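K.L.:
Take a look at the letters that make up each chain.
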Amino acid sequence: MPLSFLNPGLLFGAAAAALPVILHFLSRRRVRRESFSDLRFLEQVQSRQARSLGVRRWLLLLLRVLALLAVVAGAAGPRWGGLADASGGGSTLIVIDTSASSGARRGTGTVLDAAVADAAAMIRQLPAGATVQIIVAGSRTEALFGDWLPAGDAAAAALTAVRTDDGGLDFGAVLREAARQAARAPGAPVDLVLIGDLQSLPTDPSWPDAARALLQTRGVRVLLREVSADRGAAGGVVDIRPPGRALRPGETALIAATVVPDQAGQLFTLEIDGRAVAEATSAGPAGSPQAIEFALTVPGPGLHAGWVRKESDTLPADDRRPFVLAVPSRLEVLVVHGPDRPGDGASGRGGWRYPAEALAPGGSAGPFAVTAQSSEVVSTGALTAAGVVVLVDAGPLGRAGQDALSERLRAGGGVLLAAGDPLLADHLRSTQLPALGLPAVAEPRLGEGDGLHARIVDPSHPLFAGLDETARRTVEDIRWRRWFAFAPDDSRVVLELTGGTPLLLEREVGEGRLAVLATHFTFEAGGLSRSPMALPLLQRLVSWLGSGSGRDGAAEAVVGQELRVRPRAGAPAAVLADASALVVTGPVAGAARAADLDWRGTTPVLGTGPADRAGFAVFTSGTDTLGLVAIAVPAAETTEPRDGADRWRRRLADLDLDVAADLSGADPTRLSDALSGRNLAPWAFLLAAALLAAELYVGAAAGRRGGGES
Amino acid sequence: MTSPLLTPELAGQLGRIDLVARLVVEGFLLGLHKSPYHGFSAEFAEYRQYIPGEPVANMDWRAYAKSDRHYLKVFTEETNLRATILLDCSASMDFRGDPRRLAKKQYAAYLAAALSYLLLRQNDAVGLLTFDQGPLESVPARSLRRQLFQVLKVLDRLPAGTGTDLGTVLHQVAERVPRRGLVVLLSDLMDDPARIIDGLKHFRHRGHEVIVFQILDPRELDLDFRGEVEFEALEEPGRRVRLEPAHLRDAYRERFDAWRSELRRDCRRQRVDLVEITTDTPFARGLGAYLRKRRRLY
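Protein chains in written order, with the working numbering: chain A, 968 to 1677; chain B, 108 to 405.
Because the hints were derived from the structure by calculation, they are not lab data. Hints are supplied without guarantee of correctness; some may be wrong.
[To be verified] Counterexamples of contact, computed for chain A against chain B with all Cβ distances above 12 angstroms:
(1) 1005
(2) 1007
(3) 1139
(4) 1435
(5) 1666
(6) 1667
[Stated by the list, open to error] Chain B stretches covered by chain A per the calculated footprint, using a threshold of three residues with CB under 8 angstroms from any CB of chain A:
(7) 284-293
(8) 331-342
(9) 361-368
Just so we're clear, the structure is a prediction, and the values are computed from it rather than from any experiment. C-beta: ideal position from N, C-alpha, C; glycine also.
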């Protein structure tokens, strides 16, 4: 109901409106009688005005009654609009979005500046007796005050401590913190006011439970106030994709990035270790995501801090984005094969020597350091240390070996499983495939005649990217005569035999990559070993599988996430042994703090709490750099369009949180009116005065009319 | 010009009409700077031969001493004023808007008494006739000293009047006043102006000079009543009007003033002096008006 009263009990005073009515009738009964000399003049004026006087009398009575009712209504504290029961003594819980998007420009300040000003104005306008609590929601979601404070200048002044950060809005955390604070609120009802840019958010499964917890607290009403940024083009850097393979120092690599330019032909800059090394210009229209590539001469081995930047715009937070460029010195490749048998020939069992030779022709010191071991003798240490493990008709690795392989895979290593020996079918089904997370179905198949061709399913796959048509046709001309029919799963098919049987599949497992070649390298199994594309194809495949190699010590995170990173490979054990010397620096310059060391099985993990700024966190111990973490602004805080109040209203309604009022359009100086309603008392008293004036005027006018009509 | 020794309020408290009349007139005359009444007594006209047996009061003894003949001084009695006071005793004259003031009839009675006293004091003849719907009592005009007693006796016991028929009464009275003289009408004139003027014209036609004292209560002029009032006509008990005077005051005044203006205009046309006085007006004003008229006449 739009009309409410602060003191509805005083409305009983409306009974006083009966007073003028009673007086009216009493006065009519209490007529004085006077003798008069001559009535003719009185009769003349009375007869002509008798009717108007009757009307006037009732009009006067009506005006008096209305005036009295207006006075009573004014005393009862009438409020128009706002929320019922906003009679003071309630509690107002204000959630201020301090996430990265709140740093967007708005006038001479930012969205957060405006939101804080609105919140301060609201706190100052709250009625006496009201209490207030502030939740700041950015990289962390926490209450600003230790306990609920009385509304007023002191609470409003405390808002000056609120700052924007590079974090994302965790709405689930907001709901949980709101429920916690609402439960402690000294007054009821609790008005939960969400102030911010009402940004787009991906739905989180934790929201319904958090919303339910909030609803269980007493009398919570949700209100929205959208504080939008200045209109205007806003762009940013959405993501950065270094080549998905192991890089070699000195080679030219393409760093891909998805960007949103805020103007056509916008220049983006790539920085490595603080130095601009490449530029790229967007070609598409402003405001839409598009891919650009930076041609980079790969720096020396190690971890490199990289940035992609653009000129700052309305929302500065997403105009630069960090990444870690990991360059391994050499990619360690371990070829694990089944024990050679008589008759396997020079190429070894499954033709394992073909890939070994293709990666390091003649044992040259190329980018690959290839070692080969029989599955019967391979050690877990070798499996763990290898950047890429190539399994060629390998026999059982033993439980420890299999676990080491799986762990290496999940930790960022690469595995190529090439199996074509039908004798290993049972081992594949029972052990190898389940251990690698693949469907335990592998049936040996033989091709008829000269065998089957294989089709490149996706020419844009990194394995084939850059190959011309002739090269791709050469790949597809290879005939395959023996293979395993693997059951389809969610793996991507890279090569597909005629008839649809997958020949080469790949999938990501943990941070590593797994490729399955459904055959091996002998000529009997297929013509790969004699194809001119064998060497480039195998090198590309292993390089791509080994993209995680050299990334030990590198990690990427978004603001608000816990920072976790494995120490770089080769870190001295003694360094890790002294946990007290572990320090993490950044992303804010000079803000060094102690780092944690955790062990996941045999793998050490460095960690620290969540960062609230974008940039780099560097884990060190003494002079040794152990890890580098690139911390980016959450995607939802970047150039995503704002949802606005309407979509937030629907979003909250889906959580059974109905929005009691949308304060988005309200005058900042009248936000309290929107809560408790607009105070109509002055208008009621003014109306009463006007009615009384009208009463006097009507009375006087009647007298004047009497003269005028004569 | 006046020394209001006796105000209407005080006169009402005195009650005795003879005393009121005397005090009014004496106070009035004392306030005059120069008396206009010297020589008002009967004026000498001629001598005539004394006829034995006649009173010797007017014998001119000096002429007798010189001529040894008896002559009587003859005064021109024709020059004496015959004033007839007509007093309206209708019920409307009983109206008194404020208990502290005199009713119109009482005021008129005191004024009539004072006029009589003044007239007789200068040896004018005074007569009185009271009326409401018709003549009630009359005292023929004489200039005798005891005439005042006769007049005051009537004025002291004026009857409660009924309605007004002023026009008819004036015609009747005009026929009854035999000789030309001064007619003084004391009334509120609460009647049809045309009929009143018609009656007054009758007097004028018969050679009378007419002076009309319209006596009104101040409340009749301003209708100063509060709240809702039911007015009842004094002359027609049962006839009532219920209204709130505060809201009709202006209209009432406008009509009332129009009525008075009409009377004023018609009187002026008929050369009738209309003196408008209210019951809170000192009697001297009425006496002054009379004297001005008297001076114009003689």
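K.L.:
Evaluate each hint against the coordinates.
P.N.:
Against the structure, the hints come out as follows:
1. 1005: violated (4 angstroms)
2. 1007: violated (9 angstroms)
3. 1139: holds (74 angstroms)
4. 1435: holds (109 angstroms)
5. 1666: For residue 1666 of chain A, whose nearest Cβ neighbour in chain B is about 7 angstroms away, the distance does not exceed 12 angstroms, so it is violated.
6. 1667: violated (9 angstroms)
7. 284-293: violated (count 0)
8. 331-342: Per the Cβ count (10), the hint holds.
9. 361-368: Our answer is that it holds, as 4 residues pass the Cβ test (under 8 angstroms) against chain A, meeting three.
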